[in-house]
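A.B. asks: Under this note's numbering, think of the first position of the sequence shown as 3, with each following residue one higher.
FYI, nobody ran anything at the bench for these hints, they're computed from the structure.
Hints are supplied without guarantee of correctness; some may be wrong.
To be verified - Label-pair restraints from in silico Cβ distances:
id, residue 1, residue 2, range
1, 203, 77, 33 to 39 angstroms
2, 205, 314, 31 to 37 angstroms
3, 204, 96, 25 to 31 angstroms
4, 139, 34, 24 to 30 angstroms
5, 314, 139, 14 to 20 angstroms
6, 23, 125, 22 to 28 angstroms
7, 332, 231, 52 to 58 angstroms
8, 332, 252, 40 to 46 angstroms
Glycine is no exception: its CB is placed at the ideal position from the N, C-alpha and C atoms.
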Amino acid sequence: MLPRVDELAQVLVDRIRDNIEVYRADGVVPPDDLYTSCRTNLEFMIRHVAHEPWLDLDAPRQTGRRRAEQGVPLAMVQTAFRHSFACMWEMIVTEAARTDTVTDADLVGIAGEVWSYHDTFTTAMMNSFSETAALLMVQRDQERSALVEGVLQGGGTGDTKTILDAADLLALPYQGTFAVVVADAPGLARHALPNVEPVLRARDIGSAWRLTPDLHIGIVSMRSADGLAELVDALRALAVGPVGVSPSYTRLDQTPQALHLARNALAGAQAGVARVTVFDDAPLPMLVVGAPSTAATISKQILGELLDLPEADRELLLTTMATYFAVDGSASEAAERLYCHPNTVRYRLRRIEQLSGRSFDRRLDSAELYIALDAVRRLPECRISVP
3 MLPRVDELAQ VLVDRIRDNI EVYRADGVVP PDDLYTSCRT NLEFMIRHVA HEPWLDLDAP
63 RQTGRRRAEQ GVPLAMVQTA FRHSFACMWE MIVTEAARTD TVTDADLVGI AGEVWSYHDT
123 FTTAMMNSFS ETAALLMVQR DQERSALVEG VLQGGGTGDT KTILDAADLL ALPYQGTFAV
183 VVADAPGLAR HALPNVEPVL RARDIGSAWR LTPDLHIGIV SMRSADGLAE LVDALRALAV
243 GPVGVSPSYT RLDQTPQALH LARNALAGAQ AGVARVTVFD DAPLPMLVVG APSTAATISK
303 QILGELLDLP EADRELLLTT MATYFAVDGS ASEAAERLYC HPNTVRYRLR RIEQLSGRSF
363 DRRLDSAELY IALDAVRRLP ECRISVP
């Protein structure tokens with residue numbers, strides 16, 4: 003059979019192409035590639051059946067590696083190998099019928115060897131395929147992450163063509179309705195929104211994501227201008243921590259600005275709480291975190307003497323003020339939440355007024371106190387922790 007290996011390899015090629023659709027598709031596995039693979043593997047198998055001392059599994063390994071690179075499903079490659087061995091067995095039986103030197107007992111022994119080789123060949127191919135597929139997945143994830151980062155940063159050069167090329171590779175449109183999502187990672191380089199890309203895809207929402215040591219960041223392409231609500235709904239079901247979402251925008255080259263707003267939305271969210279915050283939903287916290295150094299300076303100017311109190315006194319007054327604002331300025335409701343008498347709340351509020359030089363009865367003063375309190379609660383620059 004070895005002298006006829008070229009002819010037999012073509013028979014095997016025809017068998018595979020007739021039975022497996024993916025091998026007939028143009029551009030997936032080129033005909034000359036399939037022929038070379040069939041001939042190399044067939045020669046290897048014939049030599050083994052002939053008991054030649056030539057144990058080399060490089061041929062099936064190369065086949066597994068190439069098919070993984072070509073994107074052929076592993077199941078289809080396994081099917082091709084089954085056809086290959088079945089076809090080779092038919093060739094052996096046909097060849098044996100032409101000679102009197104091969105008995106039925108010989109064929110039984112050869113059959114056992116052939117299917118033993120099938121297992122050895124297939125295992126070598128599958129291991130090589132899996133190793134290559136894993137490497138390709140890591141490589142593609144790295145490339146995709148770099149493309150996402152390029153869009154988030156404005157393409158590096160700011161060139162529109164750079165963004166267009168990245169959009170094409172990420173399967174995102176250049177114009178449409180977009181939003182940037184930024185989520186706190188629950189641990190070092192861990193996904194904050196597990197399986198977010200396939201979940202959004204199931205809703206016909208396109209997206210591309212990258213992971214940093216502390217953030218999970220995505221660019222989302224929505225179907226329409228009112229798609230933000232659907233996006234937020236999907237994110238709420240996945241969130242394991244705080245998530246910030248930018249307002250919607252219409253061109254991919256506007257992504258860097260949207261990223262800034264999404265980061266501000268995240269910074270304005272309560273740490274450790276699984277909640278989705280859209281930038282438009284919390285304008286005052288966004289104002290505070292958008293200019294943190296200024297907000298910290300202002301808060302210290304407004305609350306100066308209060309912040310200098312001993313920790314227990316300071317926390318008591320800040321907590322009272324936060325509760326008072328949370329109940330829309332009702333001393334009675336604040337007292338219920340704080341488990342004290344309304345007059346106690348009023349006394350603490352008067353003390354805050356004396357220390358700050360501002361009055362809760364004046365709207366402007368009250369607004370300043372609210373902003374100062376929010377800055378103290380959110381910004382590390384203030385170095386105060388309020389419940």
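A.B. asks: Against this structure, judge whether each hint is valid.
C.D. replies: We went through each hint and held it up to the structure:
1. 203 x 77: 33 to 39 angstroms: At 23 angstroms between Cβs, range violated.
2. 205 x 314: 31 to 37 angstroms: 50 angstroms, violated
3. 204 x 96: 25 to 31 angstroms: Given range 25 to 31 angstroms: violated, Cβ gap about 51 angstroms.
4. 139 x 34: 24 to 30 angstroms: 28 angstroms, holds
5. 314 x 139: 14 to 20 angstroms: 55 angstroms, violated
6. 23 x 125: 22 to 28 angstroms: 25 angstroms, holds
7. 332 x 231: 52 to 58 angstroms: 32 angstroms, violated
8. 332 x 252: 40 to 46 angstroms: 43 angstroms, holds
Going down the numbered hints, you'll see the structure goes against 1, 2, 3, 5 and 7, while the others check out.
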